[in-house]
Structure formats: structure tokens, C-alpha cells
Amino acid sequence: MNLFPQNLTTLERVMDLRMENQRVIASNLANIDTPGYTAQRLDFEASMQNALESADAPPVIEPSAEPSRSADGNNVDMEVELGQMSRNRILYSVSSQLMASKLRQYSTMLDAEHQA
Amino acid sequence: MNDFVALDLASAGMHAQRQRMAVIAENLANQNTIGPNGPYQRKEVVFRATPLNSFDDSLQAALDKAAGVGNDNLKTVGVAEVRCDNSPPERRYEPNNPLADAQGNVAYPNISIFREMTDMVEASRSYEANLAVAKATQDMQTSALSLAQR
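Keeping their order, the protein sequence lines are chains U and R.
Read the first sequence against the working numbering and you will find it ends at 116, with the numbers running on by one and no gaps.
Read the second sequence against the working numbering and you will find it ends at 1150, with the numbers running on by one and no gaps.
These are computed hints drawn from the structure, not numbers from a lab.
Partner residues are not named here, just some residues of chain R that face chain U (Cβ under 8 angstroms, in silico):
id: 1; residue: V1005
id: 2; residue: L1009
id: 3; residue: A1012
id: 4; residue: K1075
id: 5; residue: T1076
id: 6; residue: A1132
id: 7; residue: A1144
Distance windows between CB atoms, simulated:
id: 8; chain 1: R; residue 1: D1003; chain 2: U; residue 2: D56; range: 17 to 27 angstroms
id: 9; chain 1: R; residue 1: N1030; chain 2: U; residue 2: A71; range: 20 to 30 angstroms
id: 10; chain 1: U; residue 1: I90; chain 2: R; residue 2: T1050; range: 24 to 34 angstroms
If you're wondering where the values come from, they're calculated on a predicted model, not measured in any experiment.
Backbone N, C-alpha and C fix where the C-beta goes; we use that ideal spot for every residue, glycine too.
Let's have the full structure, built from the sequences with the hints guiding it.
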């Protein structure tokens, strides 16, 4: 029997992917001035789709097709990355708060069971 | 999964930008440095993206790959080289200078204060971007840790 219902597992995958996305953005921003570096993008929807089908599915990460705006061929755009990062962080904390509230519900149920 | 990868990447980024800032400071400090062996040569750093490849990282990457998380797309950053800018020196007419040549010219470093200042602002902005990554990662990890509290 699966101890935790489906939605907790889903939340867990969401949080894993969001953390992975944070790493991808960290890699892009670390290389913001590296000549010839191509920004990487995590396709969240596609990765989530795969993760729901199989727990072992790797995330879908592809090089960004954005044209380079500098002479050295680097196509990392700081504003885009920082925007993506804020978004990612907010969505991560949404998932973690949802998970916290789910876990609180379980412990309330377990307490009720205990008192009954 | 190694949860400190994002922080490592951010600190590698900050480290690289700080090295760049040190070279800019060196250039600015030496903008009027001349000597019998020629003027100071402007320097610039060249960054290079390298895969995360310390032993721990490789092991973790292999484990993550087996577990279906993690990927090879993450690249850390380092200074590949500090390159000398070989553009010709600026010649100033200073006949009384002991270092002047037969025409009375002295070779000064080819440093443009404007270019260095622009580079400095860029380095500082990139440093801040990496700092923002570190802060955001910390926030995310704190919110995950708060799950353990009741």
C-alpha cells in the first residue's frame, strides 16, 4: 500500500523539478560572461509529463534558441534568467506550502484517531 | 540528490566575477605605470564553462542519473586565462621624461578608463545576479526544511 496518496507524490516531483530548474538557472547565471556559452532551459511541462509517467524520467533540458546579443556568442540574458528564477522560487514555495498543509492534515487525522 | 549544486554554481560565478574585478582594479591602478621595460600591459580575464567534475560531483551525477534526476547540462564557471592585451601602447610627447625615446615620446599603457569602468559595472552586476541565485536557493531550501516542523 502506498502510504501517501498520489497528490503528495506529485508535489514531490514538482519540487524536485523546480529545484533542478534552479540549478539550470544557476548554471546559466554563473556563465553569464563566458564566451560561447549557450543558455539551457528546463521544459517544466514536458519534464512533469515524463515524471508522472515514470519516476525515473530525466528532466527535459534543451539549449535555448535565443539569439546572442553579444559579440562573444553568449546568449544568456540576465533579466530573463532572474525573472525565471523569481517565478521558479515562488512556484517552489507554493508547492512546499501545499505539501506542508497536506502533512498537517494527515497529522490532524492521526491525532483524531489517537484520541478516539 | 545533491542540493548544494545550485549554491556551488552561484559561488563559482561570484568567485569568477571577483577575479575579474581584481584584474580590472589592477588595470586601473596601473593606468599610468611606465618603466624601462615598456609600459604596463592591460590584462583581461577569459571565462570558461566547465562541467561539474569534482569527484563528489561526478559520483553524485552518476547516482542522480541512475535515479533519473540530474543532468549533464550544468556547467560551472572558472577563469580560463588572464590574457595580456597586446594592443600598441599610447605614445605621449614628454621630452623631459627620462624614459622618453629619441622623438621625445613616452609609451603609456593602453588603458581606457571608460572601458575599465564599464567592465567593472558589468562584473558587479553579474556578481549580484549570482548572489541573487544563492539567496533564492537558500530560500527554497529553507521552505523545504520548514516541512520538517510542525
